[in-house]
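Line by line, the protein sequences give chains W and B. Quick note on our numbering: the first sequence kicks off at 1 and runs consecutively. Quick note on our numbering: the second sequence kicks off at 115 and runs consecutively.
Since the hints were derived computationally from the structure, they do not count as laboratory data. Check before you lean on any hint, since a few could be wrong.
Unchecked claim - Derived pair list, reagent style DSS-like, types lysine-lysine, alpha-carbon separation capped at 30 angstroms:
1) W:K42 x W:K106
2) W:K109 x B:K171
3) W:K68 x B:K171
4) W:K71 x B:K171
5) W:K68 x W:K106
6) W:K56 x W:K68
7) W:K56 x B:K127
Here is how the chains run, residue by residue.
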Amino acid sequence: GESVGLHLPTLSVQEGDNSIINCAYSNSASDYFIWYKQESGKGPQFIIDIRSNMDKRQGQRVTVLLNKTVKHLSLQIAATQPGDSAVYFCADLYSGAGSYQLTFGKGTKLSVIP
Amino acid sequence: KAGVTQTPRYLIKTRGQQVTLSCSPISGHRSVSWYQQTPGQGLQFLFEYFSETQRNKGNFPGRFSGRQFSNSRSEMNVSTLELGDSALYLCASSLRTSGGRNEQFFGPGTRLTVL
Chain W
1 GESVGLHLPT LSVQEGDNSI INCAYSNSAS DYFIWYKQES GKGPQFIIDI RSNMDKRQGQ
61 RVTVLLNKTV KHLSLQIAAT QPGDSAVYFC ADLYSGAGSY QLTFGKGTKL SVIP
Chain B
115 KAGVTQTPRY LIKTRGQQVT LSCSPISGHR SVSWYQQTPG QGLQFLFEYF SETQRNKGNF
175 PGRFSGRQFS NSRSEMNVST LELGDSALYL CASSLRTSGG RNEQFFGPGT RLTVL
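Isolated chain W (complex conformation) (with noise of 0.2 angstroms):
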């Protein structure tokens, strides 16, 4: 079936440094690539999507592009905290046909070294 895969499980980056997360899609069809940082013990929490006519989306620190010809997103994190170690997992919403579905990657686990 159709999935969203992570290409690396684990990142290590030096605080300060910018970190990029990748994620590979195969649902063409989806409306929005939605990126979640989970912390231990919590919930994912959302940080940023991009919908899938826009091919680059900034927010506070981050910014994800989305690249359709090869389906491939990715996060980048500018200065690094320690405070952004966690796992972040892609996810692609279909929301077609009355269907309402995330479909989460499995997870890189970012390890920010102080």
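Using the hints provided, position chain B relative to the given structure of chain W.
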């Protein structure tokens, strides 16, 4: 504004038992989705309820069921528990308006352990 709440937070059951988990969405949100999270399979969609009707269902056996009440609160039930049902069960709520982004807000989850 209160977030999504889930009860109980932790649960221990034995094989063959059944369990009911509860989710209270953010006030005004009418859509509730349930997800199962395990280390091996990650986050997997179980089902979504909107206006008391199941709108979408993931690829899970019939032992997994749910319902939504008129106040949008939702429950999910797992019957005849198996060891593999041990997981974090997450509930998410959203407004589910047509044409909008419909951000999903997650609760903290219920950690179910099946012995």
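Okay, the hints, checked on the actual structure:
As the CA atoms of K42 (chain W) and K106 (chain W) are separated by approximately 16 angstroms, the hinted pair is consistent with the 30 angstroms bound. Straight-line distance between C-alpha atoms of K109 (chain W) and K171 (chain B) comes to about 28 angstroms, which keeps the hinted pair within the 30 angstroms bound. Straight-line distance between C-alpha atoms of K68 (chain W) and K171 (chain B) comes to about 27 angstroms, which keeps the hinted pair within the 30 angstroms bound. Under the criterion of a C-alpha separation no larger than 30 angstroms, the hint pairing K71 (chain W) with K171 (chain B) is consistent with the structure, at around 25 angstroms.
Distance hint between K68 (chain W) and K106 (chain W) is fulfilled; the C-alpha atoms sit about 20 angstroms from each other, no more than 30 angstroms. Between the alpha carbons of K56 (chain W) and K68 (chain W) the distance comes to roughly 11 angstroms, so the proposed pair stays at or under 30 angstroms and holds. A distance of roughly 46 angstroms separates the Cα atoms of K56 (chain W) and K127 (chain B); the hinted pair therefore is violated under the 30 angstroms criterion.
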